[in-house]
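Visitor: Line by line, the protein sequences are chains Z and V.
Going by our numbering, 18 is the number at position 18 of the first sequence; the sequence numbering is gapless.
Going by our numbering, 268 is the number at position 268 of the second sequence; the sequence numbering is gapless.
Read the hints as simulated data drawn from the structure, not as lab findings.
Among these hints, one or two may not hold up.
Examples of chain V residues lying across from chain Z (beta carbon under 10 Å, computed) [as the list claims (entries may be wrong)]:
1. Asp100
2. Pro102
3. Leu341
Label-pair restraints from in silico Cβ distances [to be verified]:
4. Z:Trp110 <-> V:Thr271: 16 to 24 Å
5. Z:Thr119 <-> V:Arg343: 22 to 30 Å
6. V:Glu89 <-> Z:Arg147: 31 to 39 Å
7. V:Arg297 <-> Z:Thr59: 55 to 63 Å
8. V:Arg96 <-> Z:Thr124: 45 to 53 Å
Keep in mind it's a predicted model, so treat the numbers as computed, not measured.
Glycine included, each C-beta is placed from N, C-alpha and C at the ideal position.
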Amino acid sequence: MSNSLNRLVNGAIATLSHEVMPHLSEPAVKASAASVLQVLNLLALRAAWNPDCLAAQLTVRSRALSRLPTLMKRMPAIPPVPTLRPDGSSAALQQALDEADAYVSSLVRWLDIGRIGITTEQRTAIKRWIAGYGKAAASIELEYTPRSQLGALTDTSV
Amino acid sequence: MTIFHEKRVVSPATWDFDVATIVSRLEAYLSAQLACPIQIEDFVRLTGGLSWITGIFVVRTALPHDLNGRVLVVKIGSPRGLMAPYSAEPQAMAMRIFADYPEVPVPNLLWCSDDLAILGAPFLITSKVEGAELNPFVPGIGLRNPGDRDNIGSQFADVLGAMHAVDPGDDHGQARSGGARYCGVEQVDSWQRRYESWASKPYPVIELAASWLRRHSPAAARVVVVHGDYRIGNFLVHAGRITAVLDWEMAHFGDPHEDLSWAMMPEVRLTELISHGDFIARYQARSGLQVLPESMRYYRILTLYKLVMINLGGIAGFERGGQDLRMACMGFLVPLYLMRLARALEEVV
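Let the hints inform the model, and build the full structure from the sequences given.
Guide: The structure is reproduced here in structure tokens:
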């Protein structure tokens with residue numbers, strides 16, 4: 001739910017070097033900005049997303065998915081819950097997250113087709129579970145997201 | 001002599017085009033339109049928004065002309081803007097319709113085109129209207145004179161009521177096509193098309209929301225021109241009066257409840273101007289429309305769904321080469337709105 005790290009760091013470098021630094025006049029401030037730029041350049045070469053963040057997101061999803069089989073008892077031909085056992089790398093964790101979300105999204109479409117043999121109560125229970133899954137996924141993502149500063153981003157006052 | 005001023009720049013990164021090139025193309029275009037050589041002076045770019053690029057300039061004509069010395073506004077739909085690709089048509093459509101209704105103040109549309117050969121992107125050129133925008137994202141909403149609060153709040157309701165009282169007519173889309181019209185479904189279809197091009201992976205809450213919204217859309221009691229982004233921040237205020245409603249890029253024919261729900265979402269601080277109860281009461285009196293609680297419930301969910309989509313658009317636009325880092329920062333809002341959307345869906349599914 002965010003831009004790729006590479007795009008973010010390079011975007012920050014471009015903004016600082018092309019849009020901010022040319023407008024700085026105080027030598028000490030220019031030097032400070034130049035040092036920030038150097039740090040960003042280092043991050044561009046070395047940084048990767050923290051796997052702990054991705055692992056925490058996957059744990060939340062796996063916990064939610066583990067409750068699904070009970071919910072789906074006696075439902076015909078429901079798509080099987082995927083097994084998510086990635087190695088600890090960021091790439092594998094991200095892939096597992098996407099796989100979990102793709103599966104839950106497919107449940108919405110599965111319900112939409114108008115399945116025979118599912119009661120209204122069962123349909124409602126799965127939809128509530130999907131909403132709860134989304135809530136849990138958003139909640140853990142928020143823990144790893146800085147608070148938005150929309151006021152500062154849109155402020156045109158001089 | 002052409003003079004370029006770049007002042008009050010908040011984030012010049014929104015300016016995807018070289019200013020000198022834009023001005024030179026504007027001069028060529030306006031010279032042709034006015035059938036006399038013109039020059040552009042005092043070009044100022046404004047960058048409060050994250051979407052269309054806005055510039056203000058003075059026209060100098062070589063021959064006597066009504067426009068000589070006039071201050072005009074150009075809006076350019078950058079291909080790297082938040083909701084690109086753009087068309088000038090929705091904004092132009094709205095401005096043309098409301099040009100005859102002073103109770104819905106809009107800038108005077110002079111020229112517009114989607115022809116990329118002219119400025120490099122769709123654009124509109126309008127008159128400049130006196131006034132300043134408020135900012136709903138800061139405490140106090142940037143209101144300079146608190147004594148204007150009640151007056152502006154009342155006008156905000158009256159303008160929307162007047163807007164929705166206007167019959168857009170048969171020659172403006174299919175506003176009066178026969179039978180019930182389920183405008184919510186049309187909106188979801190339109191946003192889902194964007195979602196498919198923006199999202200790099202599926203979002204279960206968005207899928208669930210789209211499914212629910214498609215199945216529960218109320219029939220519109222009246223199909224009107226919906227502004228699509230009617231809120232504090234998208235109108236000008238001068239001397240205690242709303243002088244123009246701006247930013248019509250999401251305008252479309254739809255259900256009036258869509259604008260009401262949007263204007264009342266908590267993050268745009270309507271209650272800094274008028275209470276929700278007074279807003280609805282004045283709106284109903286002015287529009288002649290009855291606000292339906294069931295429709296409001298539906299459009300509150302559509303509002304949350306749109307908020308997720310717009311901020312997802314920020315991530316997509318920046319990932320695809322957009323130069324404004326603020327678009328990436330908008331992505332920080334996606335989990336917040338997904339959370340609120342999921343909570344709302346839990347109550348209705």
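Visitor: Does each hint fit the structure? Answer for all of them.
Guide: Each hint, compared with the structure:
no., hint, verdict
1, Asp100, "violated (31 Å)"
2, Pro102, "violated (27 Å)"
3, Leu341, "holds (8 Å)"
4, Z:Trp110 <-> V:Thr271: 16 to 24 Å, "violated (42 Å)"
5, Z:Thr119 <-> V:Arg343: 22 to 30 Å, "holds (25 Å)"
6, V:Glu89 <-> Z:Arg147: 31 to 39 Å, "holds (37 Å)"
7, V:Arg297 <-> Z:Thr59: 55 to 63 Å, "violated (34 Å)"
8, V:Arg96 <-> Z:Thr124: 45 to 53 Å, "holds (46 Å)"
Of the numbered hints given earlier, the model fails hints 1, 2, 4 and 7; all others are met.
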